[in-house]
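Make the full structure from the sequences, and use the hints.
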Amino acid sequence: MELLRAEGLRKRFPGVLALDGVDLTVRAGEVHVLLGENGAGKSTLIKMLSGAYHPDEGRVLLDGRAVHIRTAGDAQRLGIATIYQEFNLVPELSVAENLSLGRPPRRFGFVDTKRMHERAVELLARVGVDVDPRTPVARLGIARMQMVEIAKALALDARVLIMDEPTAVLTTGEVEKLFSIVRRLREEGVAIVFITHHLEEIAAIGDRVTVLRDGRSVGEVPADTPQDELVRLMVGRPIDQQFPRERGQAGEPLLKVTGLGRKGVFEDVSFEVRAGEVVGLAGLVGAGRTEVARAVFGADRYDTGEVTVRGRRPARGDVVAAMEAGLGLVPEDRKGQGLVLGADIGENLGLVTMRGATRAGFVDRSGQRRAAAEVAEQLGIRMTGLAQEVRTLSGGNQQKVVIGKWLEADAGVLILDEPTRGIDVGAKVEIYQLINQLTASGHAVLMISSDLPEVLGMSDRILVMARGRLVGELSAAEATQDGVMALAVAEVAGPRGR
Amino acid sequence: GSAGPSGSNTSGSPGGANIKIGMSVSTLNNPYFVQLRDGAQAEAQKAGATLTVTDAQNDASQQVNQVQNFASQAMKAIILNPVDSDAAAPAAKAAERANIPVIAADRGVNGAEVAQTVASDNVTGGKLAAQELAELLGHKGQVVVLQGVAGTSAARDRGQGFTEGIKAFPNIKVVAQQPADFDRTKGLDVMTNLLQSNPGINGVFAENDEMALGAIKALGAKAGKEVKVVGFDGTPDGLKAVKAGTMNASVAQQPALLGQQAVAAAIKAAKGEQIEKTVAVPVKVATTENVDEFKIS
Amino acid sequence: MVGNVFLRRSWLAENGALVALVVLVVALSLLSSDFLSVTNLLNVGVQAAVTAILAFGGTFVIVTGGIDLSVGSVAALSAIVLAWTAAVPGLPWPLATVVSLVVGVVCGLVNAALIAYGKLPPFIATLAMLGIARGLALVISQGSPIPMPDAVSHLGDTIGGYLPVPVLVMLVMGALAAVILNRTYVGRAMYAIGGNEEAARLSGIKVSRQKLITYALSGGFAAVAGIVLASRLASAQPQAAAGYELDAIAAVVIGGASLSGGKGRALGTFVGALILAVLRNGLNLLSVSAFWQQVVIGVVIALAVLVDTLRRRGMS
Amino acid sequence: MVGNVFLRRSWLAENGALVALVVLVVALSLLSSDFLSVTNLLNVGVQAAVTAILAFGGTFVIVTGGIDLSVGSVAALSAIVLAWTAAVPGLPWPLATVVSLVVGVVCGLVNAALIAYGKLPPFIATLAMLGIARGLALVISQGSPIPMPDAVSHLGDTIGGYLPVPVLVMLVMGALAAVILNRTYVGRAMYAIGGNEEAARLSGIKVSRQKLITYALSGGFAAVAGIVLASRLASAQPQAAAGYELDAIAAVVIGGASLSGGKGRALGTFVGALILAVLRNGLNLLSVSAFWQQVVIGVVIALAVLVDTLRRRGMS
Ligand SMILES: Nc1ncnc2c1ncn2[C@@H]1O[C@H](COP(=O)(O)OP(=O)(O)OP(=O)(O)O)[C@@H](O)[C@H]1O
Ligand SMILES: Nc1ncnc2c1ncn2[C@@H]1O[C@H](COP(=O)(O)OP(=O)(O)OP(=O)(O)O)[C@@H](O)[C@H]1O
Ligand SMILES: [Mg+2]
Ligand SMILES: [Mg+2]
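Chains as they are written, first to last, in the working numbering: chain R, 766 to 1263; chain E, 41 to 337; chain H, 132 to 447; chain A, 132 to 447.
Since the hints were derived computationally from the structure, they do not count as laboratory data.
Keep in mind that this is a model prediction, so the values were computed, not measured.
Don't be surprised by glycine CBs; every beta carbon is placed ideally from N, CA and C.
Each computed BS3-like pair below joins lysine-lysine, with the alpha-carbon atoms no more than 27 angstroms apart:
1. Lys879/R to Lys394/H
2. Lys180/E to Lys324/E
3. Lys133/E to Lys308/E
4. Lys1100/R to Lys394/A
5. Lys337/A to Lys1021/R
6. Lys308/E to Lys60/E
7. Lys213/E to Lys265/E
8. Lys394/H to Lys394/A
9. Lys1028/R to Lys250/A
10. Lys337/A to Lys250/A
11. Lys250/A to Lys394/H
Stretch-level coverage of chain E by chain A, calculated; a stretch enters the list once three of its residues show a Cβ under 8 angstroms from a Cβ in chain A:
12. 85-95
13. 100-109
14. 125-137
15. 186-192
Residues of chain R clear of chain A, computed beta-carbon distances all greater than 12 angstroms:
16. Val832
17. Gln992
18. Glu1037
19. Gln1202
Structure, rendered in structure tokens:
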């Protein structure tokens, strides 16, 4: 039964035609996947269904009747719930409050905090995350925020549930939890729109796929269409190798971490990364991988242990010292830590190299622009020009900017935290090739990723973390998905180091 | 748009023969200067001159700006009520360069020539206040001083006059001097607080009537009786309080008369007539006995 | 147990200014024997009242991430309107009071309309209103004070010769602000808007409408503050409360709110207003010279907030 | 071609205030025959100078997402220090000038230290400094104006009886601000910090050090503004520039900067300061009554920014 239908949707932004007459039909009780390259227009499309944007042309029908969705409130009333690609949580407020955002339970006209709390506990249990509803959202890791977003959307009991890349920041465990929720909803007759760049998820959860390219729909195919075919539809050409890792000879250790610990977060973390090597860091959400990376980079302090980079020991908690020693960090939270959203692309790409491009206090801005143009070209950032505000880029293209600014910096040891989050298959390969180039020229890469195939496909060695400790190391040859997962969950039952 | 209730443009027919006069008042946030302006406007109306009044908002540099602007408007005479005597020199010089005569009103101009200074001396006023308060107290007691905005010339001169004047009475002790910023509410609050730390006071000198009126509120039934209050300015509200006996005296500078004389002088100067260098508008102390002689508008 | 610890901790964390207030009170009690009397403390309460009421209104605005510079002027305008309508057209005082409150609310609504629909930065919209409201107060009053109706002036009195009505009004308005912020939809929406306006919008909160309510509340609170102020003097002054906006904002920020929005509590604001009032009272009692007073106030404000930020850092 | 259109467009978009200024100038030329004379326009320039210089310094701070309420007081303090050191210990005027500039910079550094290391909100830190600097100015001068050294007072003169020096100083300081903001590391870092402080830090920008520089610049600019102001009056006044902070911030915001940081240009600020000066000048020329002036200024400020936001909305 057809529930939602969009006809001829068109949307123009200054300088780009984001959507050029797209049709979409979603049936009750199906998972409809939207597939497309970064900047193809997926998010723009769903934002017009949720009331965040208004189409320039075209219309939306629900149950066969044309509806006008002017605001998010309208969409909610029509039974459309949306999980956006970028989080829409209020960091200062508690998890419970966020889950009831805009519709708190009321009693005698007053907000009923007790019921709000109960509702939160219930919702959190439903998505299977273990957080205290009183915790401010700002204190959650990025994956937990995503789970809160999901719980928030479920709270609406919607007929149409739209999810824009919900799995981008989740690890396998959470993805499984999410899928079982989605399957249950599908059985209940909910229409689900699902956006993902993980092709393997399509067969696992999808029913039909609409592929977008350059703001147009280029086909609607069943979900069991072979991946190669999907890629061809989406990128316009086949991709021969998904993980083109060229392994070379590991050289000198460039990064040495010994006995690193911070009370209650992680302890006794020791490892090294050698020149020419890609070391993968796997683990479940909350394992503390991001925390370790930030401590190594000097973004946070640590209590015990030491970090040695190319023989130097940058002071703890000093980002500049770490950078001078040759470290770089692509953070996992691009909006919060990676980008100056209000500044343009050129400015963002040049942020790290700006100090080096300064002579007598003056920044060589034309040189900076040239370098930025080169990187943007290399990464295939889809933009109107370097002067475009980063805020208006598609999610995947924003991620490319975060990576790009560190590529420009030429750091000896680059720590990548979820580097390909939200990046399409084509661009991923480009980034992998860049990683190859880095290691070939003697650099080292520490890659944190929740995408197990990526960790397996790109790493030379794999470190596994659980509950704040390193619990194992596997070589590329011996590692399998099950092997890594077994290690990652092994310690879960054990005591927690906090 | 000059028909506003505050009516800054006043024009009439004969006498002043439509002479354009500019007047920069230091502030209109204080009833004293409002009266000064009203007096000036009444006189201009009578003489048929066009008077433009601007408010410098107690900002000396804004006052210079306004005088410059008067010069651009080809005023025939400028009445300057300085925000500060020292800082008024550039304003007076600006007018001088444009060959426009300047009448200084209420306060003098230091460091530049003006055609006439119409003023009543704040320092003398302060001394008079000290004498009056001393008489009221029978030459002995404890007094507090409510000070105006620190650093303004009115606060400075009145305070100086009072301090000098009170020295003549060795049995009167100034037990506290605190700023209340010429503001009635602050006068109330500060007086309330001072009563806590100095319950024995029997005299208050406030550097303007607004603060005195606030102090009277704080003193309640004691005002004017157990505790003598002397204000400054002789504003309508102040004179009412004197009449009611809650304020014992106010040093009245007759601002309306001052404004009137300034305009009269300005018209003469504009016509090129000779005028005296200084005109002193008498300072009068309004007391319960003589308050009826003062105009309460 | 755990819940208890959590509560105790957050209560302290959110009332860091309280520590500064306690330190200040202890210091002043030691320095001046006159400070710690019931009468003096009630005086402090009276002197805090107007700033506190303005600041409660300002808390709404600051929680949404805005700023309201117009509160002092709106207070003055409302008081002048009350006194004038009671005196000149001779409205009965209850009606005059209602008119005056409506004027305050309308000023707030104009601010909000400029901000929500005209997309003006709150700083500019309310700065414009600061001038407009003050100007109108001067125009209506012709620059001179207007006596308040006697009935209304009782708001400045004390009940039973002891309990000052302004303190009572302040407590009532504070409680009202606390309830609005904590327990009502409007209040929770303020936090959401201040924390993440886009998220609030996408969660179905009508952001523009909520801003109208927020600034209207601020205007209404300012009107109440203006009436209390004028009642204390039994006279409405066109220049009353000039510059109070900075005090009000300072009280809110000292109380732990963030000017970038999403944070702030009525209780904190109350403590902030008390800190300012205690400070001024203490300086009078200690007879600190006029010139030094400003220096001391500045230093103490900085220290008060410093105590708070250092405590927080120590805790986390 | 495309680049050209883009440039032209963004130039207009970023100078929306310019449209408001032009409208204002045209309107005043029609309303008053005295307005469009060279002398009067130079007067406007002189009258804008102090606010503009303060606002250029304020632009740095606002671009980083901060606010500096102390600029007016710091200007007064610097001028008093110059006049006093030249008069009392009798320093030669160049040395006195240097001391005065150092005082301005130090005030800025204290602000920055409180903000960067003490984690005080900029509003509170600079509000404290507002009181402290003003108080010190009063203490040093004992509340009385001090004559400026003659040599320095020439800064208030005109060159060749025509070109006013304050205008010259304003242009130089404006150009300096523009160069710092656009071309230097320090300036670019300000935009990054204001746009996203955490991202700036993780990109290797020393945020605390940059804030020190930012507020020090603001303090230095305030000192220059104070010296120019005192030169115009040939006397340093302890009460000078009181309340100018709001004007300076208004100029920056009218010029297109955002108080949440990351946006703002020297040219916009210049236009903002001119709008305020033209407005005041025009109201004087038109002899608008003093009470109505505040209303009119408020309305025009709101309209000026409204023109800008509406234009932007129309464009996107
Ligand atoms: N507010 C905006 N202003 C200008 N351009 C925009 C805006 N929002 C989106 N765009 C542009 O529209 C195009 C489509 O963006 P959209 O976010 O829909 O892509 P997407 O398919 O979701 O990509 P991704 O996989 O990277 O999330 C992009 O070129 C983007 O730069
Ligand atoms: N149950 C919990 N309640 C509160 N905080 C938790 C809980 N579990 C973990 N954390 C905190 O979450 C943080 C881990 O964050 P994060 O999720 O970013 O880790 P990670 O290993 O990088 O995971 P990922 O990168 O997959 O998101 C740690 O600081 C840890 O203290
Ligand atoms: Mg997207
Ligand atoms: Mg992580």
